Every structure is written in structure tokens, then in C-alpha cells.
Amino acid sequence: MSKEMLNALEALEQEKGISKEFVIEALEVALVSAYKRNYGQAQNVEVEFDLKKGNIHVYSVKEVVDVVYDSRLEVGIEEALELNKAYELGDKIRFEVTPKDFGRIAAQTAKQVIMQRVREAERNIIYNEFIAYENDIMQGIVERQDHRYIYVNLGKIEAVLSKQEQIPNEVYKPHDRIKVYVTKVENTSKGPQIFVSRSHPDLLKRLFEQEVPEIYDGVVEIVSIAREAGDRAKVAVRSREEHIDPVGTCVGPKGQRVQAIVNELKGENMDIVEWDADPATYIGNALNPAQVVSVTFNESNGSCLVVVPDYQLSLAIGKRGQNARLAAKLTGYKIDIKSETDMEAINLAKEETGLEKDIKYAEVIETIESQEQEMNEEEIIESIEDLDSEFDEITIADDIGEGNLDAESAEELIELAEERDNVED
Numbered sequence: 001m002s003k004e005m006l007n008a009l010e011a012l013e014q015e016k017g018i019s020k021e022f023v024i025e026a027l028e029v030a031l032v033s034a035y036k037r038n039y040g041q042a043q044n045v046e047v048e049f050d051l052k053k054g055n056i057h058v059y060s061v062k063e064v065v066d067v068v069y070d071s072r073l074e075v076g077i078e079e080a081l082e083l084n085k086a087y088e089l090g091d092k093i094r095f096e097v098t099p100k101d102f103g104r105i106a107a108q109t110a111k112q113v114i115m116q117r118v119r120e121a122e123r124n125i126i127y128n129e130f131i132a133y134e135n136d137i138m139q140g141i142v143e144r145q146d147h148r149y150i151y152v153n154l155g156k157i158e159a160v161l162s163k164q165e166q167i168p169n170e171v172y173k174p175h176d177r178i179k180v181y182v183t184k185v186e187n188t189s190k191g192p193q194i195f196v197s198r199s200h201p202d203l204l205k206r207l208f209e210q211e212v213p214e215i216y217d218g219v220v221e222i223v224s225i226a227r228e229a230g231d232r233a234k235v236a237v238r239s240r241e242e243h244i245d246p247v248g249t250c251v252g253p254k255g256q257r258v259q260a261i262v263n264e265l266k267g268e269n270m271d272i273v274e275w276d277a278d279p280a281t282y283i284g285n286a287l288n289p290a291q292v293v294s295v296t297f298n299e300s301n302g303s304c305l306v307v308v309p310d311y312q313l314s315l316a317i318g319k320r321g322q323n324a325r326l327a328a329k330l331t332g333y334k335i336d337i338k339s340e341t342d343m344e345a346i347n348l349a350k351e352e353t354g355l356e357k358d359i360k361y362a363e364v365i366e367t368i369e370s371q372e373q374e375m376n377e378e379e380i381i382e383s384i385e386d387l388d389s390e391f392d393e394i395t396i397a398d399d400i401g402e403g404n405l406d407a408e409s410a411e412e413l414i415e416l417a418e419e420r421d422n423v424e425d
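Heads up: the sequence shown at position 39 corresponds to 39 in full-length UniProt numbering, and the numbers run straight through without jumps.
These aren't lab readings, by the way, just hints derived from the structure by calculation.
Since the model is a prediction, treat every value here as computed from it, not as a measurement.
All C-beta atoms, glycine included, are put in the ideal place defined by N, C-alpha and C.
One or more hints might be untrue.
When the alpha-carbon atoms are kept at most 30 Å apart in a straight line, the in silico DSSO-like pairs for lysine-lysine are as follows [what the hints assert, rightly or not]:
(1) Lys-100 - Lys-20
(2) Lys-266 - Lys-205
(3) Lys-205 - Lys-184
(4) Lys-163 - Lys-111
(5) Lys-334 - Lys-205
(6) Lys-329 - Lys-179
(7) Lys-100 - Lys-36
(8) Lys-163 - Lys-190
Derived DEER-like restraints, expressed as beta-carbon distance ranges [claimed, not checked]:
(9) Gln-116 - Leu-81: 38 to 46 Å
(10) Ser-314 - Ser-294: 34 to 42 Å
(11) His-175 - Glu-129: 17 to 25 Å
(12) Asn-263 - Arg-144: 22 to 30 Å
(13) Gly-248 - Val-160: 34 to 42 Å
(14) Ser-294 - Gly-248: 25 to 33 Å
Build out the structure end to end from the sequences listed, making use of the hints.
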């Protein structure tokens with residue numbers, strides 16, 4: 001070993017970014033194993049690398065003892081005192097045992113170990129560099145593909161794009177430049193493994209952050225994204241400042257901002273809608289471009305009934321139900337869409353059912369009043385609910401709440417139940 005070795009280590013540090021001290025430490029550990037293996041020694045040895053001259057020294061480490069049982073590991077106190085009168089029992093003394101031909105062995109070992117540690121260090125450097133890009137967007141170049149993955153060159157490493165993460169019907173050719181979303185970075189035994197996506201909803205979010213400075217600065221916020229990659233996406237946005245139009249900001253002058261994103265995603269249609277604190281308004285915006293007449297919520301199951309003009313029913317539902325499906329994903333509500341004509345027919349049927357039930361309720365009241373036996377409140381309600389079972393199992397409480405049972409009939413039933421219950425008490 002010589003200064004050439006030091007120069008090589010310094011060059012390695014500059015070119016690969018691998019610390020010289022890290023390589024020397026690994027080299028010293030490897031040379032200890034090489035010495036024991038080549039010279040049949042099992043004693044405690046240390047290898048020291050001279051940072052100034054580039055020389056290597058091997059030392060046998062022995063403990064100072066009263067009685068020597070193993071000369072390879074121990075040295076007597078008398079011998080130790082001859083070397084230095086300051087030595088005491090239990091001290092460690094190093095004796096240089098560097099073989100004359102150790103330089104050749106050291107060079108061979110150094111080459112193997114340095115290459116191994118260099119690979120490990122490079123892996124760690126790459127991992128630490130790319131872990132910062134997890135859940136972020138990067139630009140890469142398509143290199144090749146097989147039956148499982150498309151391999152995208154990100155500079156220092158190849159990322160893998162699985163079939164599930166590709167945009168359907170998108171064709172990837174070698175040397176194509178594409179933007180990908182880094183979903184996961186793993187540090188495996190074979191080196192860092194980077195998984196990327198073109199279909200992830202957050203790819204859309206990062207693209208908007210790149211194209212729209214107001215989103216990157218936080219003035220305009222993306223609240224929700226619903227995406228069917230390669231076909232259509234809906235993005236709900238809101239502004240933190242009243243004077244800024246969030247939709248117009250995202251679209252950009254003459255649609256330039258959103259068009260840049262559409263081009264990157266190979267023509268994927270983009271609906272940008274304004275988020276609203278009022279759920280009905282928000283759902284109406286989400287069903288854009290269709291117009292909404294009314295929205296009725298059922299909070300018990302998180303669903304809503306949306307009424308639209310007859311001529312816009314197909315537009316609201318969309319091709320293969322896509323518009324309604326994306327709106328549901330965007331808002332978090334289950335959306336049932338009806339035309340005005342269909343809704344009028346449903347309301348008419350409810351009215352007719354309600355009138356028929358009022359007649360039936362009156363008959364039940366007369367029957368109960370004409371009975372000689374006393375009935376308590378529970379028995380009266382059971383009799384009424386037996387009747388309700390004939391009408392799709394709608395309960396008396398639902399009928400009163402929905403207005404199907406008129407107030408007078410409801411009051412009669414309740415008073416009758418209370419009277420019967422009081423008589424029984």
C-alpha cells in the first residue's frame with residue numbers, strides 16, 4: 001500500500017460520494033480476517049491504516065497477566081515491564097506482526113472488500129436520495145419492458161412501473177419521457193427498489209402543483225380527486241382567498257394550465273369543480289356538466305337522491321355511469337339520480353299509497369274502538385304495524401314523519417293508545 005491507495009480513496013469519495021473513512025474502516029475489518037485466514041492465526045489482531053503514508057500495520061493485541069497460559073493472547077507482567085514500566089495487570093499491549101508479504105494479500109483483499117462496500121455505500125446513497133421522492137413526482141425515460149414491468153430510468157436507478165399502475169391503453173416506447181408518481185422506495189438486499197405509478201390520483205395532484213403556482217403556494221387547495229386513469233378525472237378545489245377563483249386559476253389563461261396536464265396524461269379528460277361547504281351545492285358542482293334541480297339526503301346511510309331535468313339524465317349519469325360514479329367518489333356520497341318525470345311519478349305513487357293507508361288506518365281505529373277487550377299501547381301499535389307490513393313494511397313513525405299519515409289520524413291513534421294504556425294501569 002502507498003499514497004496511490006490514498007489518492008484512489010480520495011477520488012472515490014469525490015466521484016461516488018463515499019466517505020474515505022467509511023472505506024478505510026471496512027478495509028481494516030477485512031484485513032483482520034485476511035490475516036487470520038492466510039496465516040492460520042486466531043489471536044486478537046488489529047489492522048491500522050496509516051492515513052499519511054498509506055501503509056498498513058498488523059498488531060497482535062495481548063493482555064498483561066501474572067501467569068501466561070496462552071502466549072498468543074497474553075503477555076507476562078515481567079516482559080511487559082521491560083517494555084514500559086508503566087504497564088499494569090489487565091493492560092493491553094500491541095505487538096506489530098505485519099508479515100513481509102502482507103502487502104500482496106492486503107491488495108487482493110482490499111480490492112474485493114472495497115468493491116463490496118462501495119456497492120453497499122452506493123445503494124445507501126441512492127436509497128437516501130430517492131426516499132425523499134416517495135409520494136412525489138419525478139420525470140424519467142422509458143428504457144425497456146418485459147411481461148411484468150416497464151423500466152423507467154430516473155437517472156441513478158431504474159424504477160419499475162407495473163401493469164396495474166399503468167394508464168390503460170397508453171403505449172410506452174423506449175426513450176419516451178414520462179412523469180411518474182413514486183409510490184414506494186424499498187432498500188432490499190439487491191439494492192434500492194423504486195415503484196412508480198401513472199394511474200395514482202396523487203400524480204394528478206402533483207401535476208397541478210407543478211402547473212398552478214397558487215396550488216403549490218397553498219392559496220388554492222385541492223380538496224378531493226376522483227380518477228379513472230386514461231379516461232376521465234374530477235378535481236374539487238377551493239380558494240383560501242375570496243377574490244381568487246379556484247376553478248379559473250386551475251384552468252389558466254385559454255385553458256393552458258389544465259391542457260398541459262391533459263397532454264401529459266395523453267388526453268385524459270379533466271373536470272375541475274369548486275368545493276362547497278354545502279353538500280347539496282358540492283354534489284351539484286361534482287355532477288358538472290349536468291344541471292341539478294334538487295338534492296335530498298338520507299343521512300342514515302350517507303346517500304342522496306339527485307333530481308335533474310329529463311333531457312340531462314343521460315348527461316348526469318354519463319357514459320357507462322362514469323359521471324355519477326366519479327361524482328360519488330369525489331364527494332363521498334352514494335348518489336342516486338332521477339329525472340323530474342320519474343320523480344313526479346314516484347311522488348304521485350307515494351300520495352296514492354298515503355291515501356289508501358289513511359283509509360286503512362281509519363278502519364283499524366274503528367275496529368280497535370269496537371272491540372270490547374282492552375288493548376294496551378304496545379298491542380295497538382302492533383296492530384297498526386301489521387297493517388304497515390302490507391305497505392313495504394313502512395312503520396307508523398315513518399308514515400307520520402313522511403306525511404303519509406295525516407295529523408288527525410295520527411293523533412287519534414296516539415290518543416287511543418294512551419287511553420288504553422292508562423286504563424290498564
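Against the earlier hints, flag every one the structure doesn't satisfy and list their numbers going up.
4 and 10
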